[in-house]
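Please build the complex by placing chain X on the supplied structure of chain V, with the hints as guidance.
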Amino acid sequence: MKTLLRKDTTGDKKEAQCCAKISRIYAGCHD
Amino acid sequence: MRKSKHNIISKIKGSDDYYIVNLLSGNADIIDASEGEAFLKGDISDPGPYVEKGYLIEEEDEKKLYRKRYLDFLDEYENSELQIFFVPNYSCNFNCSYCYQTEYSAAGENYSTEIINAFFKYVDDNFSQRRKYITIFGGEPLLSGKVAEGRIRQLLGGAEDRGLGTAVVTNGYNLKSYIPLFTGKNIREIQVTLDGVGEVHDRRRPLKNGEATFTAITEGIDAALSAGFPVNLRVVIDRENISSLPALSRFAAEKGWTKNPLFKTQLGRNYELHTCQKGESSLFTRLEMYEELYSLIKEYPEILEFNKPAFSIARFLSDRGELPTPLFDSCPGCKNEWAFDYKGNIYSCTATVGKEGEELGTFYPEATAKKDIIAEWENRDVTSIPECRDCSLQLACGGGCGSVAKNRTGSLNTGDCRPVKELLELGISLYF
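So the sequence lines, in the order shown, correspond to chains V and X. Per this note's numbering, residue 1 is the first one in the first sequence, and the count goes up by one each step. Per this note's numbering, residue 1001 is the first one in the second sequence, and the count goes up by one each step.
Chain V on its own, in the form it takes in the complex:
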């Protein structure tokens, strides 16, 4: 069994959260 998780994700997380926030404009929930 090989995990797909990574332990240290602090840096990635910060950037990704910011991207997620700014992109929810016309998020296309129906896409």
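You may find that some hints are simply not true.
Each pair of labels, with its calculated beta carbon distance range [what the hints assert, rightly or not]: (1) 1210/X with 3/V: 49 to 57 Å; (2) 3/V with 1177/X: 48 to 56 Å; (3) 5/V with 1040/X: 20 to 28 Å; (4) 1179/X with 5/V: 24 to 32 Å; (5) 1295/X with 3/V: 27 to 35 Å; (6) 1372/X with 5/V: 39 to 47 Å; (7) 1199/X with 3/V: 42 to 50 Å; (8) 5/V with 1356/X: 21 to 29 Å; (9) 1219/X with 5/V: 43 to 51 Å; (10) 3/V with 1106/X: 52 to 60 Å; (11) 1047/X with 5/V: 17 to 25 Å; (12) 3/V with 1063/X: 22 to 30 Å.
Residues on chain X that point at chain V, a partial pick, calculated with CB under 8 Å [unchecked claim]: (13) 1028; (14) 1029; (15) 1030; (16) 1031; (17) 1035; (18) 1049; (19) 1099; (20) 1317.
Simulated from the structure, these hints should not be mistaken for lab results. From the three backbone atoms N, C-alpha and C, an ideal C-beta is built for every residue, glycine too.
Here is chain X on its own, set in the frame of chain V:
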């Protein structure tokens, strides 16, 4: 000890290995073929690692964990930012081949400033406690002429007076000429659509008189980025234009857009909303679109510089190294999204705004609300939709889009199922 109800397990495309993902426990693993087959048969020689990761769990423990995660989700949802759409007009200067608003009425567009004032008063009266921002939507909001400009100016001013940011969803044709109006305002993002390079785009998204629009839009994107405004480029994909995605990716790279931190992209599927689609044969199902993307990316990996498709939660897992929190509800309608139009009507979201019969109330000339229907929207999630309750994919799917579900079944409290298992087969193969 039994298998978790929330295990998602399947073979990775192009491999003998299996993936196993559990949104409730937050674990994701790859297991080899013999282990995977044994797990599916329930013939597990060493259950220890499966128990540790929540793939095997006592029924009562799982119920408790589910309740806790659900309460956390509701908490987070209540505190999330509200997106409030306003449609200043349904008219449009484009004649897109796949428009879902073709039959919407553009009557009464010669209205006074009173309507937009009433919109902001409604926002003040009803959403004062929520973090929020305004998104200007259409029709096409950035039309040429003093009347359209005046409305955009009034909307930006109303948002600014309340300290709210504004986003704009536009076809981009007149974007360049609107940049001076945006300057100095808190513009969160401008969403523009390009469906390909040159003629590929122009065939799908021409002006009403048939003229080309590609060059004007690219000039608008350049102008917005130069002025420091974030641009979110949407590409609407179907069978007609998917093969031109590599060319669009290269074009965006050559323009320097993909290296610009202000530039983002989204691939939108062409969908089955309302009166949409003159030629339904060009429509992709969600899975078909991702299957095509998978093959295309294998051949043209440069597409990933332009856009890294989600493949359900595979991109999230690859980018962040962890799973997202369980998604008990993927429909924002009447929860953290509302839509208003210049006719004084209120709707749940961008999928329903302007569609006759979908009005949930009014903000002008007086404030009214269809409370029963609003409650239906508010209560719709995977715990309320009957077919979601026993589905192992529910916490990745979230029940899908309420409007698409209602279009399909006639009832809002039904699912718009996402092919999560198949998307993960592709996405985990591509990103790991």
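Checklist line | chain V contact restraint for residue 1099/X - C-beta distance below 8 Å | finding: This interface hint is violated because 14 Å lies over the 8 Å limit.
Check: In this structure, is the beta-carbon distance linking residue 1210/X and residue 3/V contained in 49 to 57 Å?
Finding: Given about 55 Å between the Cβ atoms, the range holds.
Notebook entry, point to check: Regarding the hint that residue 1029/X lies at the interface with chain V, is the smallest CB-CB distance below 8 Å?
Noted result: Holds - the Cβ of residue 1029/X comes within 8 Å of chain V, reaching about 5 Å at its closest.
Check: Once the shortest beta carbon distance from residue 1028/X to chain V is found, is it less than 8 Å?
Finding: Holds, because the Cβ-Cβ distance from residue 1028/X to chain V comes to roughly 4 Å (cut-off 8 Å).
Item checked: 20 to 28 Å as the expected CB spacing between residue 1040/X and residue 5/V, which holds or is violated -> Holds, since residue 5/V and residue 1040/X (Cβ atoms, about 22 Å apart) stay within the stated range.
Item checked: 48 to 56 Å as the expected CB spacing between residue 1177/X and residue 3/V, which holds or is violated -> holds (52 Å)
Checklist line | Hint status (Cβ of residue 1030/X to nearest Cβ of chain V, threshold 8 Å) | finding: Status holds, d = 5 Å.
Item checked: Outcome of range test on Cβ distance (residue 5/V, residue 1356/X; 21 to 29 Å) -> violated (48 Å)
Next item on the list: Evaluate the given range 39 to 47 Å for the C-beta pair formed by residue 1372/X and residue 5/V.
Entry: Given range 39 to 47 Å: holds, Cβ gap about 44 Å.
Notebook entry, point to check: Does the nearest C-beta of chain V fall within a distance shorter than 8 Å of the C-beta of residue 1049/X?
Noted result: Residue 1049/X check passes; min Cβ-Cβ to chain V is 5 Å, inside 8 Å.
Note to self: Against the range 43 to 51 Å, how does the distance between the Cβ atoms of residue 1219/X and residue 5/V compare: consistent or not?
What the structure shows: holds (44 Å)
Margin query: Is the interface hint satisfied for residue 1317/X? The criterion is a beta-carbon contact with chain V at less than 8 Å.
Written below: holds (6 Å)
Checked against the numbered hints given earlier, the structure breaks hints 4, 8, 19 and satisfies all the rest.
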